[in-house]
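Visitor: Spelled out, the chains give:
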Amino acid sequence: MEKSRSELGQIVVGVSRDPLGLMGLIIVGTIVFCAIFAALIVPYDPVGMNIKDRLQGPSFSHLLGTDQLGRDTFSRVIMGGQVALKVALPAVFGAMAIGLTLGMIAGYGPKWLDNLLMLFFDTIRSFPTVMFALAVVALVGPSLQTVVVVVMATSIPTYGRVARTQTLTLRNSEFILAERSMGASMKRILGVHMLPNIIGVLAVLAAMDIPTVIALEAGLSFLGLGVKPPTPSWGALLKDGYSLIRQTPWLVVGGGLPIILATLGFTFLGESLRDVVDPKLRKQR
Amino acid sequence: MKIEWTKAAMGRRGFLKGATALGASAALPMGLANQAFASDDGVLRVRAYGDAQNMDPAHSVGVVEEEVHSSIYNKLIQYKPGREWDWQLDAASMIEQVDPTHIKFALRDDIGYTNGHGAMTAEDVKFSFERIIADATESPNKPDMGPLSHVDVTGEREGTIVLKEPFAPLWSIALPYITGNIVSKTATEAAGGRIGANPVAESGPYLRASWSPKEKTVLKRNPDWKGDAPEWDTIEILPIDDENTAEIAFEAGELDFTRVSLGSVARYRDGVPNGGKLLEYPSLYYTWLGMNLDHPKLQNQKLRQAIQHAIDVPTVLEAAYFGAVEPSTGIIAPGLAGNRAKSMVPPQANFEKAAALLAESGETNVTLTLDTLNKTTFTSAAQVIQATLAQIGITVEINVLESGAFWASGDNPDLQLVLNRFSMAPDSSYATAWFTSAQAGIWNWERFRSEEFDTLHAQASQEVDTAKRAQMYERAQDLMEESGAYRFLTHEATPVIHSSRVAPALRPDGLALLRYFGKA
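Taken in order, these protein sequences are the chains called S and A. Counting in the numbering used here, the first sequence runs from 1 upward without gaps. Counting in the numbering used here, the second sequence runs from 1 upward without gaps.
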């Protein structure tokens, strides 16, 4: 425990020393903080309508103005962040967990199982994510859960393939062969010896995948197929802003800026994490 | 050839100079455009919301193609520009209803087809109309011709249109709209009976000079046109789907005429850039909240009536349409026979009455879904309806659907509430046609079934007495509203803007009649 705590500390220190990593950490920290404490931060009910105050510009009472139904845009942006993370985190970590498990089984198991799982990954990957998402949403209807499931399903092959490659690389390494010769069970080899060597790479991948998922959720909401109204969402804000851009530019700013910041923040953090976790890259820098 | 690059080396100052020059040059086209806007180059530039891809009236998909067809072809009669629905002679020098099923006509003798296909004759009229109703043509516009039997040719330029039964929409839809375009028999037959993306022979005041798909359709004045000369030498029709984009193009001087979004009306009421003008026309479209009468959750009429009374139409329209439209009283717009002076349920919500009706219904913990299109206007309206129904304790979950899924909802048995909008042609029968029992589960998404309604619809389309017709359509809408399955919202509106050099010619619903566009 002590050891893992110090390793985590080293990673945080490593990321903080990199200017881009620090920036990423601050942005991501802010987004996560706002999402967790959204209910305390928002000055207005994000779904409360006040039509006579619609499409106002920024002011002290409405920092980012109001939308077409007179709802406070700032409050909707903050609550939209909660929705974005509610989709992104379960989707990415769910996909990572399933992909990791299947990838390790594919890499360590018999050849026929490897082939079967690879066929499964390739089949899923052959569907364009957005088209697949649109088809599923059209079939079962739009909801937060639908978006999470779609994103998770389409992301599994990415994690699975990386986990499989890492497992294949490790399975013939000396320390694994030594464990095997001492009669260690497959569960122990995979769980205790291989997993810690794979998880870092996947964590970096996950960090860099989060903005993609946020953008996908925003994209579906932009098409009106993400979360259901009146739930606030960055994509829905952007869509309304696009429709009403001649009336007010602030909805586009309110919907677009957080997506840009989240994308930059998670990407910076992911790249920095990769540099810290991968000693080869660290040496190159 | 050897190129010397040494002089191209650029320092910071050089870069800044270059960037400034580039910025200035970027601003130049706007200036030039504005100049072009002000000068009269004889070119009228109008926006269409889609691309006219098909030059065959039998296979026209609507207004976008009709804008081109009505300029390059002729009809016996054309819509008359103005605020009241009326028609005027076009290719016909005379047209007369001799009895409820026979219409005599005579053609002008000065209309000819291009590409050597000769003068327009009654045979062309017969061919054009009869091919619409022929099964072999598979025309989606066949219903517009109603009970057309055939056309008798009685002379080179004379004939009689024969109907199987009286058909009032002949004068408001069949003859002056899509199906009324008269194509050349010889040219169409030579083309194998079907006209494609290019016209085979034209006869109107304009000829289609060029078509760049998704970019531009260019109409040029027909040099052989003997009728009243069109005022513009050239009309460029630019397909621009998005109204915001069209507004920006207009303000940049790239367009002379466009429909604008309802959200922009208030801004344009204060002034249209470049000396242009805003014109506000009522639309024929109708928008309403429907309730599926076959759904187990909506069997209780008191519940449906509670929903009718709980929806505050003015608030919905203020939120979704920026107050630029009026509440409707039914499915038939003002100006058409059967428009009701007022609806049975007033537009304003009556929450006390709604709550009382809900209590009477005995329904508790009512949770319903509301399906709507993924357009900001409809999602805004849906959210207001959701909020107002919550006031009487009805929980609404909004299902936003993309257009493909939404328009396939007709046979969805799980449909509960639906926010819907239908387009409309200028005859009342076009509205009632979709709510007959035969249409249940097809376009009648509410599954409203009424024998009396069906009879009224059938009789009204054959009734030539306008007053009697109007009475029938009014009663038909009463029946719809009494069922509790409908809360009528609005007919929307058609706001258009035009530049100072244009005198637009529009139908009473604001749609452009390009051949009649004049110069200011």
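Hints were generated in silico from the structure; no laboratory data involved. Mixed in with the good hints there might be a few duds.
Unchecked claim - Beta-carbon label-pair distances, calculated as ranges:
#: 1; chain 1: S; residue 1: 126; chain 2: A; residue 2: 367; range: 55 to 61 Å
#: 2; chain 1: S; residue 1: 249; chain 2: A; residue 2: 216; range: 50 to 56 Å
#: 3; chain 1: A; residue 1: 220; chain 2: S; residue 2: 131; range: 41 to 47 Å
#: 4; chain 1: A; residue 1: 411; chain 2: S; residue 2: 257; range: 40 to 46 Å
For every residue, glycine included, the Cβ atom is placed at its ideal position computed from N, Cα and C.
Visitor: Compare the structure with each hint and give your call.
Guide: Okay, the hints, checked on the actual structure:
no.: 1; hint: 126(S) to 367(A): 55 to 61 Å; in the structure: 39 Å, violated
no.: 2; hint: 249(S) to 216(A): 50 to 56 Å; in the structure: 30 Å, violated
no.: 3; hint: 220(A) to 131(S): 41 to 47 Å; in the structure: 42 Å, holds
no.: 4; hint: 411(A) to 257(S): 40 to 46 Å; in the structure: 43 Å, holds
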